[in-house]
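Got chain R sorted already, so can you dock chain P onto it with the hints?
2 protein chains.
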Amino acid sequence: MLAAELRVSRGVVTDAYQRLIDDGHAAGRGRAGTVVVAAPVLPPSPSPDRPSRSPVITPLPGAEVFDAVRAAPARIDLTPGVPDLTAFPRAAWLRAERAVLEELEPSHFGYGDPRGAPPMRLAVSRWLARNRGIRADPGEIIVVAGVAQALTLLGEVLRHHGVDAVAVEDPGSLGARQHLRHGGLATPPVPVDDDGLLVSELRAPAVLLTPAHQFPMGVVLGGSRRRELMSWASSGGIVLEDDYDAEHRYDRAPVPAVRSMLPEVCYMGSVSKLLAPALRVGWLLAPPPFFADLVAAKRFADLGNPVLAQLVLARLMENGELERQLRVVRGRHRRRRDAMIRALASELPSAVVHGAAAGLHLTVTFDADVDDVELAAAALAEGVKVQPLSWHRQRPGRAGLVLGYAARTATEIAEGVAVLGRLVGPSP
Amino acid sequence: MLAAELRVSRGVVTDAYQRLIDDGHAAGRGRAGTVVVAAPVLPPSPSPDRPSRSPVITPLPGAEVFDAVRAAPARIDLTPGVPDLTAFPRAAWLRAERAVLEELEPSHFGYGDPRGAPPMRLAVSRWLARNRGIRADPGEIIVVAGVAQALTLLGEVLRHHGVDAVAVEDPGSLGARQHLRHGGLATPPVPVDDDGLLVSELRAPAVLLTPAHQFPMGVVLGGSRRRELMSWASSGGIVLEDDYDAEHRYDRAPVPAVRSMLPEVCYMGSVSKLLAPALRVGWLLAPPPFFADLVAAKRFADLGNPVLAQLVLARLMENGELERQLRVVRGRHRRRRDAMIRALASELPSAVVHGAAAGLHLTVTFDADVDDVELAAAALAEGVKVQPLSWHRQRPGRAGLVLGYAARTATEIAEGVAVLGRLVGPSP
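Protein sequences appear in the order of chains R and P.
Under the numbering used here, the residue at position 294 of the first sequence is numbered 294, and the numbers go up by one with no gaps.
Under the numbering used here, the residue at position 281 of the second sequence is numbered 281, and the numbers go up by one with no gaps.
So here's chain R without its partners, still in its complex pose (with noise of 0.2 Å):
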């Protein structure tokens, strides 16, 4: 109709109005057809004297900041990992809650195995094989609460194998290098260049890698460096795989995981790129020298995951709802990211964009003398929620943000990214 009004395609209509959905204009309702939604962007508020130091945004942040960071109010929420959640199907969650319920045996909300429901490890086992060329045995997996628990469960019982070390990619995730360090081990820094960790660097009897997107950067670890590091790993090295977000690829097919040609590998994943990083559930897959161990883990841990949620994923892992859900958050977020681009070659043209290829999230890199940590503080006082590069940085490199854009709506992208170049000022 209002493509004959206007005399254009169809497919244009369409296209705009996926647009406006996504930058959440408007909703659509089915057959009811699209209705507009109220949405005001706020002006940012004043800040005559604009602070350069901030409670939350520190120079050397603790284990409390991300807690600290997601409790400051924002405007804007750029802060990266988190998929878009308006996306999360309701619907067909309480579909399959409802058929787990009216099937249930009553002996299953009892204590359970430690390890995960098999229903949930048989469609974990599945999913894997068909989304990350990994074949794995049910027997091999074990349900955990996302990969923060794996990373845990995984320093404990390290240690306990006499590991005091495990390496980690340089920038790399600040969050996992505390895990690691709250369970007793060092994480010395190995550098990342455009073909990922460089293998040759590694010392520690340890490592910890991002092979498929690497964060911070979105680097894919190439081919010759896999060949290097299975070579390393024949010779004793422990290698730990966190495929965080891997299933986010946009312009070509995903990377496998290191763990489909490495069995020896310590694997991790979870639905919390996929889903919500509410739901806590994840994955670990490890090999016999570490599995028992890391069950014993688990037990002590908490008994093992809650059993509902794993029954109802492994219901929505089987009946293709949740490779159609990635389908379509593939698209909205592949949009989101184009949006940031375009913003940030606008606004913030002195800033070297890297990782569009895969993820929710862009890192930007910046020549001139910036310091990150005061820009993202600045950043948050005017209502825009970063995470500075250095966070993520053992030894020194060039400053620069983490910015997420799955989360977020094109219209708060282009927003955030102005207040952003604002900021930084024009290039010199």
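Some hints here could point you the wrong way.
[Stated by the list, open to error] Covered by chain P, according to a simulated footprint, are these stretches of chain R (three or more residues, beta-carbon under 8 Å):
| # | region |
| --- | --- |
| 1 | 87-93 |
| 2 | 211-225 |
[Said to hold, decoys possible] A few chain P residues facing chain R, derived, Cβ under 8 Å:
| # | residue |
| --- | --- |
| 3 | V65 |
| 4 | D67 |
| 5 | A92 |
| 6 | W93 |
| 7 | L101 |
| 8 | E103 |
| 9 | A136 |
| 10 | A145 |
| 11 | H182 |
| 12 | A301 |
| 13 | L308 |
| 14 | I341 |
| 15 | T365 |
Quick caveat, the hints were computed from the structure, so don't treat them as lab data.
Ideal Cβ positions, reconstructed from N, Cα and C, are used throughout, including at glycine.
Below, chain P alone, put in the same frame as chain R:
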């Protein structure tokens, strides 16, 4: 109709139906009437040469013992610590989940507060005020994955505070002891008599106890012992209170928690005995010296409990469904307890019964020379699962069995106790 046919009062028929439903022979279908359920009790499998050694029930159980016992097949499972799982309020749960999914802000699907979702912490604080006499601000509550996780978190934090030992009740829970030991703490035993833990025997810097219904003996910590404990705490002793099944009390008013009189207590409770262990939800209250460290420990453990189930539970706690559920199962549990007492009196007259006033299990002790590990192993070989009392002892003491009744029908209970009676043989 049936009442008129049999010329008895409607109450008698209702009671009879209730007994049938309790026994699993019939299932209520509301106004649709009552249907007979096929639940044949199979004869014991033949075991001509009764094995005195079991691969599962052994004198020195390891960390995997509860998983191994759970996995062992049995006709009648009298394992203690599980409520009637057939009573799980599936319809109420699904209704609450639908309401939560309809109302939830998208941001709640993201990373959350490691202390738990605010509505759940509020609901727990109100629940504790109504049911356990505890006045605690929601800000003092940490939502955890059951008492098992609470013990692991407390163990970690106490160790960092220089505590190397937590005294435990003897007899006392093997599982709790395993958790503390896994955390690197010694667990010196302190005797229990009819008034509970002998506080005067405390030598360790901390103590874990079950004041409302001692596990496994079922005694209540007496008034003078409570005063002794408060005096011990005021001179620096650290009290950990496991209020594991305090809500299940049959013949008199609930015993208040020690925490209700002593705010310095680290207090643990859960929904495992109220609703279902598979939910893995509990709560931990801790005084200021430990609180921040416990929050950090919870953060590193799993970043916080899953959010959806917390919000569903909060609704059930706030709208009266959980208290209604408790009234329903309390009646059923009491009838099952009575059935077990009757069966013990007739089939195992040599046994002394302990702890009948509350809880989900009974403990029996034997005067005669009985090896309770051999007895439990022989019972398992005959298809009846029970725990030997000696598992829960650190020092020698009377042999006995710990017998759960809450999850089994009166018929199963009678059948299981008859097997035990046959194995023990006639009194001397």
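Checked hints:
1. 87-93: Coverage by chain P holds for the region 87-93 of chain R (3 residues, Cβ < 8 Å).
2. 211-225: It is violated: at least three residues are needed, and the region 211-225 of chain R offers just 0 whose Cβ sits closer than 8 Å to chain P.
3. V65: Result: violated, 11 Å to nearest chain R Cβ.
4. D67: At 7 Å from the nearest chain R Cβ, D67 of chain P passes the 8 Å test, so the hint holds.
5. A92: 10 Å, violated
6. W93: OK, holds: W93 of chain P within 8 Å of chain R, min 7 Å.
7. L101: Since chain R brings a Cβ to about 4 Å from L101 of chain P, closer than 8 Å, the hint holds.
8. E103: Not OK, violated: E103 of chain P not within 8 Å of chain R, min 10 Å.
9. A136: With a minimum Cβ separation of about 21 Å from chain R (threshold 8 Å), the hint on A136 of chain P is violated.
10. A145: 4 Å, holds
11. H182: 4 Å, holds
12. A301: Hint holds; A301 of chain P Cβ to chain R Cβ min 6 Å, cut 8 Å.
13. L308: 7 Å, holds
14. I341: Interface hint status for I341 of chain P: violated (24 Å vs cutoff 8 Å).
15. T365: Violated: closest Cβ of chain R sits about 25 Å from T365 of chain P, beyond 8 Å.
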